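J.: Each chain, letter by letter, is given below.
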Amino acid sequence: MMAWPESREVLYNGLWKQNPGIIQLLGLCPLLAISNTVVNALALGLATTLVMAIASGSIAVIRNLIPSALRIPVFVLIIAALVTVITLIIQAYAQPLYLVLGIFLPLITTNCIVLARVEAFASKQPTGLSILDGIAMGLGLTGVLIALGALRELFGKGTLFSGFDLALGEMASNWTLTVFPDYSGFLLAILPPGAFIGLGLLIALRNFLHARYS
Amino acid sequence: MTHRHSRVGGNTSTPSVTRVMAQVLTALLPGILTHVWLFGPGIVVSLVLCSVFGLAFEAAVLRLRRYPIKPFLSDGTTLVTAALLALTLPTLMPWWIYAVGMLFAIVVAKHLYGGLGQNTFNPAMLGFAVLIVSFPAQINAWPAPLALAANAPSLSDILAITFGGFGDMSHLSPDAYTEATPLDSLKAHLRAGHDAASLLGHNLIPTLAARDLVALAYLIGGVYLLAQRIITWHIPIAFLAGMGGIAGLLYLIDPTASAGPLFHLLIGGSLLGAFFIATDPVSAANTPLGKILYAGLAGILVVLIRSFGSFPDGIAFAVLIMNAAAPLIDAYTQPKVFGHSHRRRPGDTQ
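Those sequence lines, one after another, are chains A and B. Numbering-wise (the numbering used here), the first sequence opens with residue 23 and increments by one. Numbering-wise (the numbering used here), the second sequence opens with residue 6 and increments by one.
The set of hints was computed from the structure by calculation and includes no laboratory data. In this text, all values refer to a predicted model and were calculated from it rather than measured experimentally. Incorrect hints may appear among the rest.
What the hints assert, rightly or not - Pair by pair, the computed Cβ-Cβ distance ranges are:
id, chain 1, residue 1, chain 2, residue 2, range
1, B, I258, A, F230, 53 to 63 Å
2, A, T200, B, A336, 45 to 55 Å
3, A, A226, B, A329, 37 to 47 Å
4, B, R68, A, L110, 52 to 62 Å
Stated by the list, open to error - Short derived list, chain A residues pointing at chain B, Cβ under 10 Å:
id, residue
5, G178
6, S206
7, G207
Unchecked claim - Computed list of chain A residues with no C-beta within reach of chain B, every gap over 10 Å:
id, residue
8, L92
9, A102
10, G124
11, W197
12, T200
All residues carry an ideal CB built from backbone N, CA and C; glycine is no exception.
Bound conformation, chain B alone (with noise of 0.2 Å):
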């Protein structure tokens, strides 16, 4: 989630909107603490890079608007999108990827649609669709498991190359410590003819191992999230459901060309999709049945992008499509007012 409904605009540096991205951002510390233990520092460098640029040019567009600057640019919005995004991306790239991606979530996804509370579309998913489609090759080096980097980069290094780029990294070549994901592995070994299985049963697992320790750690934040209230139940299970759903029949369809639910649920951003990214009060559907709709179409179409696309995972794609539709469900899935009998038709004001 990014953030907290405000369709008045005006004043919204109330405690409640600070309060919840405190504990979005509290949410998110398991899995940030699992990926540094697991993948090393980067992580940490490409949040503090985030949030940087996500604050500076927050300032810049709140000058721009002549809105009050402190207020809003302490209420932590700014940072749960700059978290989101850097835990999207590949640790481990140029300093300017993490400012493009937070130029186009903070100056364009939010303020350019209103500003806080009037986004259209999730700001750190379209930081990260701008990137994906702009430096497809700069977001495929994903860092690999320090258990198996053969030479794992010091901080010194993740700081070389975040600001220097790879030109003076001689002692240290990207293929010593980046790897495809397993999603792009099996993307390559199913278009090579062979079948899921002979992969994943062998040389994925130590990376599978440590990427799901990741996602559990989503999973653990997600769980405080609804324990706090700050989310519902709908949308994290009906994503979930709409993944498992697809990828269970595309499975019993044909076993050898794809991986089967669990493997979809626990890799690439699936958790932190469903329970942080999904769920954006703002460009969520916010009926309950909508909810129930948008988070299961949303899911069904990142299996179906992650098997069929050319992308390496879906979950952006996924969330921006379903944040367009998100005003159209939320019209017809209007519930019923207590005395009136006739089902309100589209269009409606309430």
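In isolation and in its complexed conformation, chain A is listed as follows (with noise of 0.2 Å):
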């Protein structure tokens, strides 16, 4: 169903080339918003992930049959109704990490990295290519996110991985790691202003092994 060349290509694409957290800077305000602690960070990744591959996947069936004129109301009611789902089984299964993502789970309809690669790539190309790009470039994000989260709570509050019972109930209550024992805290990393902080040391850092190995 797919070529591999074009499958390798679409996912090298979505996770480092064109990452959605770092190259294209698309979606940054649920990126910076919930990227505080590692937990979060995976959760609502992997949210926009599932999204991201059944809206590209949907949209990519019918994409011959949707007018052009009509195609973004048409592509943001699929969204939208895949994120009330979406939320909706959080709500109901893990229901403090619905409380702890509050606004920025409904906010996935207008995440413009869902819409962007809708509009880029599911519109135009065949099913199975544009599943894979959704996944990938929700890996991507997710990626980012990870990376961000686990830096904001690392520096803001000395440990990693806490929270996990949120998601995963009781089982996961101990997974909190305790990096920096007795540190006092470090509020700028978990505030706003440390997540531009730490995304700009990312691009940074990505700059930086891009121009060194290319």
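Fit chain to chain and form the complex, with the hints in mind.
T.: If you want it as structure tokens, here you go:
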């Protein structure tokens, strides 16, 4: 169904070359707002990935039926329906996580990376490749979210993986890794300015690697 | 003021930068000496720490950016930034607080924005803002004037506090030598439902006197800078007028709920801010009318943040907000060029 070179290209684009978080800089609002701990970052990233995969797939299936002038409202309707379903699932099965993520779950609807991939890729490409593109872009975003979340949690609170029990229940209650014991906390890293500074550092690191190895 | 204007980048080791920075440091001396006299030698320790960390970060970044280290390191700008940060922070804090402050001042505010002469925000104030947002508990321990401290720390105590934390200081509890600043006392007093005059009239007088003397010493330094033409009158006068105006207005509206203009002008970092911080030629507005607008609005913001905000002083936030607005103010206040009848529009290149 999918030729390997094309799939590899799609995966490479999503995960690194056109990474939504540090290259395209799309969907920055949830990226900056919710990346204060690893668990928040992971949960929002996976929810976004799921939405992107299903949205890209379903739109690719009907891409030849959508009138060009009406495509944006149709895309948004489909994405909004998917987000509603996922929000309800998280609310039902991970209520504490739902409370932590708050408004940013419904806001996946307006996340521009979802609409951007649907418009730029899924509305022009075959279904299988579109699903793969949604997954690759979503995982690329998740990776940046986790890196930023780990950075902010580490410097802000001195821990890693705290609060995983919000998502996974009792079994994860002792997963918290205290990296710096007796750490007095660095509030700036948890607050929004820390997100901007952290994202800037990640982009700088990526540019440095890019300049050095290409 | 922190950095001399140099939009060209490149070689900035001109004698003028070094000379101006030396004059600024000289102008800070009366304030520093008065501080030592009234509050003890703690300020010297924090000045040295900030300078050492500042120079180390500066050298490291210059090396990373492949700039010549010696001329940039010896131009004095880092020392001025370090001095302004040390003078706005409480003394007697752990060493790493000064290190974090200088890291953000030098590496983030100065070099990540392009280095000397390119910084959008005042480096010392950015360092201060980072610290007060991140470590509010530590930054609330302000030293009391020596005359009022129950148990004034000696120099060895100061070094032990700075490098060892408060752990082994059993004979010297922080309560014995720190106090709430008058701005904090006033805020707590008003929140408890009392009126301002009852506080200012009685128990605050000795600490107010000590702090006002330091402020007046900064005023002397500021007048020296004016006389040497390092700064022009626009920014300090507009800054103080903005503060005095809005404080007077608040006082007229409700004398029981505010402290009046004189209190605001003499307390906190008002005079230091007016003459040394708001006047930074790189991050401030540059046209004559722009300077007045910039500093006047900053002064108004200071009093508003002090009166209605949750932080002890508003100088840093007011200056940073106006730093962000300075390019816009400059664009709208370009002076008319002689012989041109049309007003310059913002966006026109010069």
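J.: Would you mind marking each hint as holding or not holding in the structure?
T.: A quick look at each hint next to the structure:
1. B:I258 with A:F230: 53 to 63 Å: With a Cβ separation near 55 Å, B:I258 and A:F230 satisfy 53 to 63 Å, so the hint holds.
2. A:T200 with B:A336: 45 to 55 Å: holds (50 Å)
3. A:A226 with B:A329: 37 to 47 Å: violated (22 Å)
4. B:R68 with A:L110: 52 to 62 Å: holds (55 Å)
5. G178: This interface hint holds because 9 Å falls under the 10 Å limit.
6. S206: Hint on A:S206: holds, closest Cβ of chain B at ~7 Å, below 10 Å.
7. G207: Status holds, d = 8 Å.
8. L92: Non-interface label on A:L92 holds, nearest chain B Cβ at 38 Å vs cutoff 10 Å.
9. A102: Label holds. Min Cβ-Cβ 36 Å, cutoff 10 Å.
10. G124: holds (23 Å)
11. W197: holds (26 Å)
12. T200: holds (19 Å)
Hint 3 from the earlier list is the only one contradicted by this structure; the remaining hints agree with it.
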